[in-house]
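Residue numbers (numbering that gives the first Met the number 0), protein chains in the order written: chain H, 0 to 354; chain A, 0 to 354.
Quick caveat, the hints were computed from the structure, so don't treat them as lab data.
The list cannot tell twin chains apart, which means a pair is met if one copy fits it or any two copies do.
Here are the computed lysine-lysine pairs in the DSS-like style, where the Cα-Cα straight-line distance is at most 27 Å:
hint	residue 1	residue 2
1	61	50
2	61	19
3	268	297
4	230	4
5	302	349
6	309	320
7	309	352
8	339	50
9	274	320
10	339	274
11	50	230
12	19	50
13	230	320
14	61	224
15	320	297
16	339	349
17	274	309
Predicted, not measured: the structure shown is a model, and the values here were computed from it.
Number of protein chains: 2
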Amino acid sequence: MNWEKNVRRVEPYVAGEQPKAEDVIKLNTNECPYPPAPAVRRIAENLDCDKLRLYPDMNAEKLVNALAEYYHVSPAQVFVGVGSDDVLAMAFMTFFNGEQPILFPDITYSFYDVWAELLRIPYKRCPLDENFCIKKEDYLAPNGGIIIPNPNAPTGVLEDISMFEEIASANPDSVVIVDEAYVDFGGRSMIPLVDKYDNLMVVQTFSKSRAMAGMRIGFAIANEKMIGYLKDVKFSFNSYTMNMPAIEMGTAAVLDDAYFKEIVGKIIKTREWTKEQLGRLGFAFSDSQSNFLFVTHKSAPAKEIFLALKENNIYVRYWNKPRIDNYLRITIGTDEQMEKLVAFLEDYLKERKND
Amino acid sequence: MNWEKNVRRVEPYVAGEQPKAEDVIKLNTNECPYPPAPAVRRIAENLDCDKLRLYPDMNAEKLVNALAEYYHVSPAQVFVGVGSDDVLAMAFMTFFNGEQPILFPDITYSFYDVWAELLRIPYKRCPLDENFCIKKEDYLAPNGGIIIPNPNAPTGVLEDISMFEEIASANPDSVVIVDEAYVDFGGRSMIPLVDKYDNLMVVQTFSKSRAMAGMRIGFAIANEKMIGYLKDVKFSFNSYTMNMPAIEMGTAAVLDDAYFKEIVGKIIKTREWTKEQLGRLGFAFSDSQSNFLFVTHKSAPAKEIFLALKENNIYVRYWNKPRIDNYLRITIGTDEQMEKLVAFLEDYLKERKND
Chain H
0 MNWEKNVRRV EPYVAGEQPK AEDVIKLNTN ECPYPPAPAV RRIAENLDCD KLRLYPDMNA
60 EKLVNALAEY YHVSPAQVFV GVGSDDVLAM AFMTFFNGEQ PILFPDITYS FYDVWAELLR
120 IPYKRCPLDE NFCIKKEDYL APNGGIIIPN PNAPTGVLED ISMFEEIASA NPDSVVIVDE
180 AYVDFGGRSM IPLVDKYDNL MVVQTFSKSR AMAGMRIGFA IANEKMIGYL KDVKFSFNSY
240 TMNMPAIEMG TAAVLDDAYF KEIVGKIIKT REWTKEQLGR LGFAFSDSQS NFLFVTHKSA
300 PAKEIFLALK ENNIYVRYWN KPRIDNYLRI TIGTDEQMEK LVAFLEDYLK ERKND
Chain A
0 MNWEKNVRRV EPYVAGEQPK AEDVIKLNTN ECPYPPAPAV RRIAENLDCD KLRLYPDMNA
60 EKLVNALAEY YHVSPAQVFV GVGSDDVLAM AFMTFFNGEQ PILFPDITYS FYDVWAELLR
120 IPYKRCPLDE NFCIKKEDYL APNGGIIIPN PNAPTGVLED ISMFEEIASA NPDSVVIVDE
180 AYVDFGGRSM IPLVDKYDNL MVVQTFSKSR AMAGMRIGFA IANEKMIGYL KDVKFSFNSY
240 TMNMPAIEMG TAAVLDDAYF KEIVGKIIKT REWTKEQLGR LGFAFSDSQS NFLFVTHKSA
300 PAKEIFLALK ENNIYVRYWN KPRIDNYLRI TIGTDEQMEK LVAFLEDYLK ERKND
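Kindly produce the complete structure, drawing on both the sequences and the hints.
Now the structure itself:
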């Protein structure tokens with residue numbers, strides 16, 4: 000087909016498997032094991048469906064205002080999108096247009112290089128050290144922008160905020176994005192610092208700690224000027240991204256802070272229990288402050304464990320990639336799910352030893 | 000701020016006003032005056048909100064399958080997005096990467112040049128003739144792609160399918176997109192021809208004839224290969240664009256064909272009545288086959304009418320742009336709304352004459 004010569008050819012991002020069977024223990028895409036806040040359901044039940052005939056509020060004011068109030072910033076400092084992936088894609092398009100490569104860790108969210116390839120942005124992966132920690136010096140070289148998750152994924156390693164402050168300070172010519180998808184599970188957000196560093200943007204999501212992956216809501220917080228540029232690009236791409244139910248149900252989720260804190264607390268408790276158990280079984284891992292553990296076993300290869308788990312309807316995430324091909328990323332589920340996981344692993348490792 | 004030098008600066012698309020007052024007669028953004036199908040409300044009421052904790056089906060299979068069945072194509076020929084704007088933005092990014100300019104009419108959907116500017120795609124506007132009709136010859140010149148709405152907006156002019164067939168045939172090197180946002184109101188869709196022309200893509204939306212602007216659903220139909228390329232780009236931008244309620248409620252809308260036909264029939268009837276009335280009042284307009292009329296008055300300037308209407312809480316759309324600055328685009332509302340519009344205009348024009 001002749002028209003193919005003008006096609007943008009890309010290697011798309013590969014998301015974790017979404018098994019359709021109902022009886023699966025799904026610990027492979029870092030979803031929340033608990034349902035969204037009860038208020039979210041009430042909004043759905045009473046949704047004014049007649050209003051769906053109208054365009055939604057293109058500024059998603061209700062949701063933006065709720066987030067602004069929650070995070071003590073002005074509404075003009077908040078940008079919302081269809082998941083943090085939408086927010087990040089827009090941010091790459093808006094801010095990463097320099098000649099110099101953008102910088103991100105070699106082991107990190109695997110969408111960053113996909114966006115860079117799609118948008119033809121030069122990029123450089125900076126190797127984490129042997130403990131999967133950021134090497135700050137790498138981010139002091141000339142660059143066209145910086146993006147780092149904190150805690151990082153899939154490693155779960157949380158870095159101190161002071162390191163990001165140093166990086167932001169040292170790079171006044173670059174936008175520095177801190178991807179805080181997992182920050183609610185034990186990290187400290189940099190949102191209070193967006194007024195101090197005019198080149199700092201913080202991105203978060205409703206998909207993990209707010210239990211709304213199915214609703215597709217993410218947001219960015221930065222200074223008004225930066226958010227203004229991001230909006231200009233967004234309104235040049237798709238004016239009405241947030242549908243009416245997302246605006247209404249997302250707002251309800253933000254307003255129920257007690258429920259949010261309750262489920263996050265439960266996940267943290269389960270995570271700490273899981274760490275103890277997996278440690279006992281011979282797994283090593285960094286001290287994850289997210290809703291997942293990134294583990295390697297002293298004797299059993301990760302790929303074998305991954306396949307054995309899958310055969311038993313327990314899904315975790317495995318990447319056949321350099322440096323991490325002997326690791327598994329395990330999402331923290333409910334206590335019951337983690338007990339089943341640990342029981343299975345205990346048996347599996349015992350049998351394996353006896354073989 | 001130093002980082003500003005790498006910012007993509009753009010002039011965003013300006014959507015029609017969305018007045019917040021409740022008592023407004025809103026005829027300015029081509030929304031449907033009727034609510035979505037009753038089945039859509041039932042889905043909302045019974046939404047399994049617990050499932051919102053999980054990522055939605057990234058392939059939106061349920062919705063894709065419903066559309067494939069409805070339009071007699073295979074599911075692999077269907078692409079869905081967050082409104083047809085999302086679908087079109089992705090299509091621009093995927094297919095319009097040549098050296099030659101892409102072509103579209105000078106009077107048309109005002110997002111086309113915004114996408115071209117955003118994505119730095121060279122483009123050329125081809126002037127419509129004095130009756131706002133496409134001049135076919137313009138689209139036989141070398142180009143990097145073609146996009147034309149049918150019926151065109153904001154003119155409402157419907158072109159014969161044979162013209163698009165000629166354009167597609169004559170441009171095997173280019174992807175030809177026919178934007179059928181308004182086709183359900185009296186046009187003939189080119190969907191049955193996507194297997195005949197391997198460079199043809201048809202785009203439609205749920206925002207007009209399916210009364211779901213607030214839900215943000217659009218779709219493209221083409222051959223499998225073209226849809227495959229579009230998906231590769233989409234999955235390099237945002238894997239999970241369609242949220243769970245959009246998939247579920249959109250599917251319900253497609254399945255209720257009787258309701259769809261009923262509301263479209265009502266809008267067409269109201270449109271024809273409105274044509275008669277406006278003709279009687281001295282307005283001229285092309286024979287619109289969409290859910291709006293694009294009108295000019297023999298003596299009263301469009302801008303004055305626009306402001307007078309607005310002052311009386313009747314919103315229509317006016318553009319202060321070359322060639323169309325003496326026109327108004329009036330969405331077809333309910334019978335009652337159009338009666339009020341006509342009554343107001345009748346009085347207004349009478350008074351104006353007497354002044």
